[in-house]
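*Asks:* Quick note, the sequences are listed as chains D and H, same order.
Counting in this note's numbering, the first sequence runs from 302 upward without gaps.
Counting in this note's numbering, the second sequence runs from 187 upward without gaps.
Don't take every hint at face value.
DMTMM-like mimics (lysine to aspartate or glutamate), calculated; alpha carbons at most 20 Å apart, straight line [what the hints assert, rightly or not]: (1) K561(H) to D322(D); (2) K482(H) to E314(D); (3) K561(H) to E314(D); (4) K486(H) to E364(D); (5) K486(H) to D454(D); (6) K561(H) to E524(H); (7) K374(H) to E337(H).
Hints listed in this document are in silico derivations from the structure and should not be mistaken for laboratory results.
Each chain, written out:
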Amino acid sequence: MKEKERELLHLIEKNGRLDIDTLGKLLNLSNDEIQSMLEELETVGAIQGYSALIDWSKVLDYEGVTAMIDVKVTPTRGVGFDKVAERIYRFPEVKAVYLMSGAYDLSVSIEGKTMLEVSRFVSEKLSTLESVLSTTTHFVLKKYKHDGIILGDDEEDKRMVVSP
Amino acid sequence: MTLKRSPHSYLSETVANLKPSGIRRFFDLASQMENVISLGVGEPDFVTPWNVIEASYHSLEQGHTAYTANAGLPELREEISTYLRTQFHISYSSQDQLIVTVGASQGIDLALRAIVNPGDEVIIVGPTFVAYESAVLLAGGIPVTIQTCPEDQFKLTPVQLEKAITSKTKAVILCNPNNPTGTFLNKKELTAIAEVIKQHDLLILSDEIYAELTYDEPYTSVASLEGMKEHTLLISGFSKAFAMTGWRLGYAAGPTDIIQAMIKIHQYTMMCAPTMAQYAAVEALKNGENSVREMKISYKQRRHFIVQAFDNMGLECPMPGGAFYAFPSIRSTGFTSEEFAEALLMEEQVAVVPGSVFGQNGEGFIRCSYATSLKRLNEATKRMKRFVEKHAN
Numbered sequence: 302m303k304e305k306e307r308e309l310l311h312l313i314e315k316n317g318r319l320d321i322d323t324l325g326k327l328l329n330l331s332n333d334e335i336q337s338m339l340e341e342l343e344t345v346g347a348i349q350g351y352s353a354l355i356d357w358s359k360v361l362d363y364e365g366v367t368a369m370i371d372v373k374v375t376p377t378r379g380v381g382f383d384k385v386a387e388r389i390y391r392f393p394e395v396k397a398v399y400l401m402s403g404a405y406d407l408s409v410s411i412e413g414k415t416m417l418e419v420s421r422f423v424s425e426k427l428s429t430l431e432s433v434l435s436t437t438t439h440f441v442l443k444k445y446k447h448d449g450i451i452l453g454d455d456e457e458d459k460r461m462v463v464s465p
Numbered sequence: 187m188t189l190k191r192s193p194h195s196y197l198s199e200t201v202a203n204l205k206p207s208g209i210r211r212f213f214d215l216a217s218q219m220e221n222v223i224s225l226g227v228g229e230p231d232f233v234t235p236w237n238v239i240e241a242s243y244h245s246l247e248q249g250h251t252a253y254t255a256n257a258g259l260p261e262l263r264e265e266i267s268t269y270l271r272t273q274f275h276i277s278y279s280s281q282d283q284l285i286v287t288v289g290a291s292q293g294i295d296l297a298l299r300a301i302v303n304p305g306d307e308v309i310i311v312g313p314t315f316v317a318y319e320s321a322v323l324l325a326g327g328i329p330v331t332i333q334t335c336p337e338d339q340f341k342l343t344p345v346q347l348e349k350a351i352t353s354k355t356k357a358v359i360l361c362n363p364n365n366p367t368g369t370f371l372n373k374k375e376l377t378a379i380a381e382v383i384k385q386h387d388l389l390i391l392s393d394e395i396y397a398e399l400t401y402d403e404p405y406t407s408v409a410s411l412e413g414m415k416e417h418t419l420l421i422s423g424f425s426k427a428f429a430m431t432g433w434r435l436g437y438a439a440g441p442t443d444i445i446q447a448m449i450k451i452h453q454y455t456m457m458c459a460p461t462m463a464q465y466a467a468v469e470a471l472k473n474g475e476n477s478v479r480e481m482k483i484s485y486k487q488r489r490h491f492i493v494q495a496f497d498n499m500g501l502e503c504p505m506p507g508g509a510f511y512a513f514p515s516i517r518s519t520g521f522t523s524e525e526f527a528e529a530l531l532m533e534e535q536v537a538v539v540p541g542s543v544f545g546q547n548g549e550g551f552i553r554c555s556y557a558t559s560l561k562r563l564n565e566a567t568k569r570m571k572r573f574v575e576k577h578a579n
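For reference, chain D alone in the conformation it holds in the complex (with noise of 0.2 Å):
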C-alpha cells in the first residue's frame, strides 16, 4: 500500500469526520486525489465503515454495561473456530469476537443496558450454543482507553503563548 494510502487510514482513523478538503491540504493532494484513494480503500475493503467514538458515561441518562467474556468452545471439523465465531458475532449484542491463544479459546465482548441483561444472554444464548464449553464474564467497570484514545483526555495545551 502507498504511503499516502497509509496516511490517508491514520487521519481517518483518528478522526472520521475529516472532511475531504481539510485531508486534502494535509496530505498535500487534490481533493479529487483524496476522493478517489478514499472509493479505492473503500472497494478493496480497508475502510469498513466511519464511526464515531462516544464516551458513553458522559451521556446523560446513559445507562449501559460491557461485558468481556472467555469462551471456551468445541472447534469443529472443516471449518475450524470460524463457524461458532459466526454463530457468536451474528447475536446484535456482541461487539466484538476474536478468536485467542492461550487460557480460552473466544473473547466475546458484549454490550447490553444492564447487568441481568448481559447475564441473561450469556446464560440463555452463549452458554447454550452446542459447541460452547463454559463461559466466564468479567464486567467492565470503568473504560479509560479504547481503540487507541484515552477516554476524556483533554487537549489542553501545556506550553507558554509564546516562546523562542
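On the provided structure of chain D, position chain H as indicated by the hints.
*Replies:* The following block gives chain H in isolation, referenced to the frame of chain D:
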C-alpha cells in the same frame, strides 16, 4: 551610608547592554489575554513519549539521583555516538568527543566560551534563533550577521559567507533546518558552504536540533562532509525531535580539544546535566524511533495544511524544508511584522511571532509554528484569513 554606585552599575557592561529578547514582549502581551490560539510556540505540542517518561521514573526508583560524570552518563554518550553514526554517518568517540549539556542552548554557550577570544568575530546567519547573538556577546565576541534574502528562501550562499569573513572571523553559527524560517540546506548547498569554511580555516557551530525534522530530502550533517569533521562542532539535543523541551538535555560533538575545553567550563559551572533526564534520553535513543517518525508525519501534514491556508489568504509562503515553522510574508498587508502580530493578537486572539525579532531581515514576515493540533491550526488560520481580508487595501 550612601551607595557609591547606582544599583545599575553593578551590572557588567555586556549584560547591561544586552537587548531583551523581542519574543518576551509578545509573550507578556499574549499571556495577559484569554482564548488565545498560539502559533507562537517553538516546541512540539506532543508530550514526551511515554516510554521515555517511564525510563526516567524507573531511574529514580532505582535510586539514580546522584551526579553523573561531567561529560554525561557514559551509557548515554555511547548511545549518542551510535545514533550519530547510524543516522548521520559521523563517527565520534564517546570517551572524549562528546559532552552531554543542559539543552542545546548550553552547548552553544559552552562552545562560544571555549573558542572565542575578546574581539573575535562570529558569523550568524539571519534571520535566526534569538539567542546566538547574545551568546556571542556574552562570550566576549563580536556577532556579525549575514542577511540572507527571501528571494533565496533565506539560504546562505557561499558568496555571502565569503564577503562576511575578515581576519578576525573565528566561527560561523548555522542552524539547519532553520528557526524561524524552516529553511533547509541540502547536501549540495552545504558542500558549497563547507568549501569556504575549510578555505578560511574556520569553525562551524552546526546547530542540528531540527535535523530529524526534514520532510522532502534526507538530512546531511555538515560534519559528515569530506574534511569537515575537524572544522565542525555539532550541537543538538532531545527537545525537538523527541518532544523533550522541558527536560533540558542536549549534546555537543566535535574535535577533542574543543569538547575537553567545554567539559572544563561545564564542570565548574554546571557539574552535569540532570541525571533522570539523561536516563530518559538513553531510552529515547534506544527505542524512540517510532515516536519520532509518527510526530514527523504529523508535522509534515500540518506543514502542507498551513502553507495552503496562507496561500488561500494571499500570503506568500514557500514550503519550509524542515523544523516546524512557516515564515509567510505579510508585506502585502502594508503592516510591519510587529504591527501585524500585535493587531492579529488584539483583534483575533491569534499569537504569532513577528519576524523582526529574529533579525532585521525577518521584517515583513511572521513566524508561525505548526506544532499545534489540527483543530487549533484550523481555527487559527480561519481567524487569520478574516483578519487579512479585513485589512486588505
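*Asks:* Taking only the CA atoms, is the gap from K486(H) to E364(D) under or equal to 20 Å?
*Replies:* Violated, at roughly 42 Å.
*Asks:* Is the Cα-Cα distance between K482(H) and E314(D) 20 Å or less?
*Replies:* holds, 18 Å
*Asks:* For a C-alpha distance cap of 20 Å, please report whether K561(H) and E524(H) respect it.
*Replies:* violated, 26 Å
*Asks:* For K486(H) and D454(D), compute the direct alpha-carbon distance and say whether it is at most 20 Å.
*Replies:* violated, 24 Å
*Asks:* Given the hint that K374(H) pairs with E337(H), test it: the Cα-Cα distance must not exceed 20 Å.
*Replies:* holds, 19 Å
*Asks:* Would you check the hint for K561(H) and D322(D), treating anything up to 20 Å between C-alpha atoms as holding?
*Replies:* holds, 14 Å
*Asks:* Please verify whether K561(H) and E314(D) have alpha carbons no more than 20 Å apart.
*Replies:* With Cα atoms ~16 Å apart, K561(H) and E314(D) stay inside 20 Å; holds.
Violation of the numbered hints given earlier is confined to hints 4, 5 and 6; the remaining hints are satisfied by the structure.
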